[in-house]
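Residue numbers (numbering that gives the first Met the number 0), protein chains in the order written: chain X, 0 to 518; chain E, 0 to 497.
Possibly wrong hints are sitting among the right ones.
[As the list claims (entries may be wrong)] Derived pair list, reagent style DSSO-like, types lysine-lysine, alpha-carbon separation capped at 30 Å:
(1) E:Lys427 with X:Lys169
(2) X:Lys381 with X:Lys459
(3) X:Lys169 with E:Lys268
(4) E:Lys72 with E:Lys268
(5) X:Lys284 with X:Lys381
(6) X:Lys284 with X:Lys418
By construction, these hints were calculated from the structure, which means they are not laboratory data.
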Amino acid sequence: MLEEFSFGFPILSYLIFLPLVGAAVLWLIDDEDLLKSTTLGITLVELALACLVLVRFVPDSAAMQFAEHARWMPALGIGYHLAVDGISVLFVGLTAFLTVLVVVYSWDTIRNQVRLYFMALLALETTTIGIFVSIDLILFFVFWELMLIPSYFLIKLWGGGADRHYAALKYVLYTLLGSVFMLVGIALLDINYHQWAVTHHLDHVYSFDLLELLSVPIPLSQQILIFWLMFMGFAFKAPVFPFHTWLPDALVEGPIGMAVMLAGMKLGTYGFLRFTFPLVPDASKSEGVVAIVMVLALSAILYGAVVALVQSDFKRLLAFSSISHLGFVVVGLFALNFQGLQGSLLTMINLGFSTAGLFFMAGFLTTRQQSSHLSSFGGFAKQAPLLATFLLLIGMASIGLPGTNGFVGEFLILLGAFKAKWWFGAVAVLGVIFGAAYFLWYYERAMLGPLSKNVSAAVKDLHMREITIALSLSIMILWIGLYPSPFLRMMNGSIQALVDRLDRAKVASVDTVTHVPAK
Amino acid sequence: MTFSLTLSASDLLLLLPELFLTLWLCVVLAVDFSFKRIVQEQLAYLTIFGVIITLACLAWFDMTGITGTLFGKMFVVDRMAIFFKVMILLATILVILLSIDYVHRFSLFRGEYYFLVAMSALGMMFMASANDLLSLFVTLEFATFGFYVLVSYLRDDMASNEAGLKFFILGVFAAGLLAYGISLVYGETGKLVFSDMTGAAPTTGLVIGFLLIFAALGFKIGAVPFHSWIPDTYHGAPTPVTAFLSIAPKVAAFAILLRLFLVALATFKPAWALLIVAASILSMTYGNIVAIAQRNIKRLLAYSGIAQVGNVLIGLAAGTKMGTDSILFYLLTYLFANLGAFAVIMAISNSVGSDEIDDYRGLNRRSPFLAFAMLIFLLSLAGVPPLAGFIGKLYIFVAAIKEGLYILITVGLVNIVVSMYYYLIVVKKMYINEPLDSSPIKTTGPLRAVIYVGLAGTLVIGIYPQPFLDWAVAATLMFSNLIGPAASLTPPVTPFGG
Chain X
0 MLEEFSFGFP ILSYLIFLPL VGAAVLWLID DEDLLKSTTL GITLVELALA CLVLVRFVPD
60 SAAMQFAEHA RWMPALGIGY HLAVDGISVL FVGLTAFLTV LVVVYSWDTI RNQVRLYFMA
120 LLALETTTIG IFVSIDLILF FVFWELMLIP SYFLIKLWGG GADRHYAALK YVLYTLLGSV
180 FMLVGIALLD INYHQWAVTH HLDHVYSFDL LELLSVPIPL SQQILIFWLM FMGFAFKAPV
240 FPFHTWLPDA LVEGPIGMAV MLAGMKLGTY GFLRFTFPLV PDASKSEGVV AIVMVLALSA
300 ILYGAVVALV QSDFKRLLAF SSISHLGFVV VGLFALNFQG LQGSLLTMIN LGFSTAGLFF
360 MAGFLTTRQQ SSHLSSFGGF AKQAPLLATF LLLIGMASIG LPGTNGFVGE FLILLGAFKA
420 KWWFGAVAVL GVIFGAAYFL WYYERAMLGP LSKNVSAAVK DLHMREITIA LSLSIMILWI
480 GLYPSPFLRM MNGSIQALVD RLDRAKVASV DTVTHVPAK
Chain E
0 MTFSLTLSAS DLLLLLPELF LTLWLCVVLA VDFSFKRIVQ EQLAYLTIFG VIITLACLAW
60 FDMTGITGTL FGKMFVVDRM AIFFKVMILL ATILVILLSI DYVHRFSLFR GEYYFLVAMS
120 ALGMMFMASA NDLLSLFVTL EFATFGFYVL VSYLRDDMAS NEAGLKFFIL GVFAAGLLAY
180 GISLVYGETG KLVFSDMTGA APTTGLVIGF LLIFAALGFK IGAVPFHSWI PDTYHGAPTP
240 VTAFLSIAPK VAAFAILLRL FLVALATFKP AWALLIVAAS ILSMTYGNIV AIAQRNIKRL
300 LAYSGIAQVG NVLIGLAAGT KMGTDSILFY LLTYLFANLG AFAVIMAISN SVGSDEIDDY
360 RGLNRRSPFL AFAMLIFLLS LAGVPPLAGF IGKLYIFVAA IKEGLYILIT VGLVNIVVSM
420 YYYLIVVKKM YINEPLDSSP IKTTGPLRAV IYVGLAGTLV IGIYPQPFLD WAVAATLMFS
480 NLIGPAASLT PPVTPFGG
């Protein structure tokens with residue numbers, strides 16, 4: 000069993016429950032300013048705790064660290080098992096970081112039902128952190144489902160678009176549809192463990208614990224079934240093309256804060272790395288599975304990029320660019336080699352800064368012109384030079400310009416993809432070119448050139464709070480771009496362990512793969 | 000077969016909860032008649048007091064492990080019977096609390112109302128202990144008898160009378176089916192006690208007999224295609240009676256179904272499992288789809304109840320020890336969420352005078368507490384973690400997956416998504432829409448008590464279900480010899496994904 004590092008106190012539980020307790024405290028506060036500062040305080044403490052975890056995290060190790068383990072429902076084999084490793088630890092920091100920025104952003108942009116908004120936001124933080132630190136699959140699933148509730152309210156109550164009710168419902172139902180299939184996959188893992196445990200006369204015959212499930216062999220035919228069931232859950236959430244249709248609606252109609260969390264947190268692709276690959280390695284590397292997923296991912300890259308190219312609304316453009324980027328991440332994942340996996344993981348983190356950052360930018364634009372549609376802009380850089388500068392920087396990170404974080408991740412993914420099969424890489428490169436095209440084209444039309452008559456002279460440049468947001472994002476972008484090794488070292492150990500596990504798995508022969516159940 | 004009617008003291012002990020409740024009912028009735036000045040609230044609390052003593056008695060049985068059979072195995076006291084009786088009595092207490100503010104709407108016979116509620120509970124307690132065909136018939140009719148009166152208690156209300164009539168006619172019809180089925184089964188086997196029938200040859204008469212008995216029990220639990228009385232009866236009946244009807248008879252009927260299918264018919268499992276799978280799929284799908292179109296909250300819960308019964312039947316279709324545990328546990332979670340939801344409905348109905356879902360608009364502004372409670376109850380019914388309903392659904396699904404019931408599971412899962420849709424519609428009305436009338440909604444003490452109990456049950460079972468799981472597992476030890484294919488020591492030969 001892996002060695003476990005730990006603090007003297009259960010820091011991961013604190014991370015999970017601090018925002019929840021905070022949300023309860025908000026119930027008692029009536030004054031609006033106090034409400035905001037309390038929320039900010041809570042999220043800052045949360046960020047400090049997350050930084051503590053990051054600082055104390057032992058890099059280059061595959062071990063599960065800061066583990067907490069308690070029995071929850073022994074009769075069903077469900078445990079309260081929390082831990083972080085190289086795959087999840089950065090997401091914890093990212094969640095805490097983005098939540099602080101969302102609170103800062105929401106300071107003056109949320110005007111109605113302020114208390115409920117911040118409560119929902121804190122609840123969202125709890126569930127998101129919970130997703131990243133859960134090792135028990137049912138505990139993970141609990142947070143995974145629970146996340147829908149605050150998201151539903153956030154989109155529905157504070158969304159800007161006219162179709163926000165539709166978008167919220169669609170988001171919940173789509174994710175739910177995927178996750179109920181995932182639940183069956185989880186249950187199959189449990190049953191498989193059960194059969195194994197009974198034949199080996201173990202004490203506890205049920206388990207949903209990732210580490211215990213990993214120790215049990217799974218027959219290939221069953222692995223393939225479990226893979227597709229879990230794939231449904233993660234693909235809907237990620238979303239992988241063609242399960243993506245809820246994403247543009249949710250991102251465009253929902254409030255900026257929600258869009259930041261949705262686009263910034265790559266929960267679905269995290270699920271592949273955390274659960275699917277280690278649990279069903281044979282299925283994950285079987286030719287049929289890789290071929291199908293790769294085709295979907297490559298289509299997503301091209302589809303997302305082409306659709307983004309013709310969007311004239313910035314938020315909608317970002318939504319489709321998000322789909323394209325996710326295709327990239329999935330290509331890296333299913334390259335199934337060290338570079339691909341590492342690049343994907345880093346890109347997931349990067350998108351947390353760049354895509355989320357661009358959504359903040361969209362928010363800044365919207366507060367100025369009541370829209371992010373191209374018709375409201377033109378020559379905007381003259382009026383708001385600071386905004387234009389930050390938009391360019393964060394946009395460059397999203398494109399993957401060398402020197403920004405995006406470059407490191409994309410480069411690793413392309414390297415991994417070429418190593419796997421040359422044409423994976425070749426198609427993926429097209430996405431990079433399109434990515435530069437759609438962003439720069441929008442930027443040129445919105446920011447450069449003569450000042451449009453739709454832009455009033457009263458429009459102001461970024462104010463202090465907005466500069467804080469943009470600046471902190473830019474710092475992270477340049478940090479990872481120029482000096483990525485601390486981040487890469489944190490993930491190395493776990494990625495290497497995962498690659499080893501995948502390599503040890505038997506290569507599935509083609510004839511067994513033909514029995515893939517029709518979905 | 001000879002019946003010994005000489006009862007020893009230890010035999011009487013087994014009957015103690017039922018005997019005590021019977022006597023207490025007489026006391027309630029006598030008090031109602033003798034003291035003209037008595038307020039109906041006092042009668043309610045008097046009834047509750049008796050039910051609590053009965054509960055304490057059952058708890059004592061459970062802790063000391065008192066079990067046994069009476070009257071030539073007609074009446075059995077085992078831990079499963081005790082589990083079911085506790086659920087029935089819990090529901091009874093909550094329903095009486097719900098009724099306190101409602102009873103003034105009845106023009107006459109307010110005192111007898113409590114008597115009838117508790118009498119039905121007594122009948123259902125006997126149902127939970129019924130162990131042969133005769134006691135099945137007698138106890139089922141005994142329990143239903145009280146409901147015939149209760150459903151039409153609003154005597155000046157056309158809907159209530161209509162509900163009562165529909166319930167009565169279909170109930171009598173079901174009783175006819177039951178009697179016919181019993182006579183066929185007895186004619187074919189010459190046996191009455193469930194455990195004696197195990198291994199009987201499957202003759203045509205026996206099959207038809209059991210189908211008829213299943214149909215009759217299907218009426219009680221409201222499974223499709225025996226559900227037709229449910230929506231109108233739920234809609235028209237006085238709301239506390241609807242609440243009672245939505246949980247207690249189902250619980251009691253499942254006790255009988257478990258004994259019937261897993262004891263008497265244990266050897267024919269492959270045959271009846273198909274029947275249950277069909278009923279389950281139909282109930283879930285029909286209930287959930289029709290629920291979407293409802294505009295009245297009582298009808299919505301009626302259809303969602305049909306779907307929930309479909310879920311419970313999944314556990315029966317699994318037909319294993321684990322399936323049985325999951326049924327018991329699921330019913331317990333359903334009890335709290337459903338009665339809690341009815342308490343919120345009562346509070347709104349008392350204040351607004353309507354059960355239309357449109358009147359739930361902006362409930363969050365009018366009463367944040369009621370809206371929050373309703374949110375929790377609906378999400379638990381939908382099976383959202385970490386609420387009780389999620390653990391219940393998970394347990395049932397794991398039990399069914401273990402038996403390889405993939406089609407059933409797929410239908411069940413898709414149905415969860417469908418059900419989420421209409422629960423969210425109510426949530427949307429409560430939280431998003433503007434209230435038509437922004438006056439705050441007042442709740443009374445007894446209603447709040449029920450809501451608190453429902454919330455506590457839903458949250459505690461959801462977050463710390465272990466003691467309840469242990470209780471359910473211990474209650475069904477009698478079924479531990481039921482070993483399904485997947486639980487045997489050899490891995491299944493059938494490949495997954497079929």
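Hints, verified against the model:
1. E:Lys427 with X:Lys169: Holds, because 13 Å separates the two Cα atoms, which is no more than 30 Å.
2. X:Lys381 with X:Lys459: Holds, at about 11 Å.
3. X:Lys169 with E:Lys268: violated (41 Å)
4. E:Lys72 with E:Lys268: holds (23 Å)
5. X:Lys284 with X:Lys381: Violated, at roughly 52 Å.
6. X:Lys284 with X:Lys418: Holds, because 15 Å separates the two Cα atoms, which is no more than 30 Å.
Consistency note: the structure conflicts with the earlier hints numbered 3 and 5.
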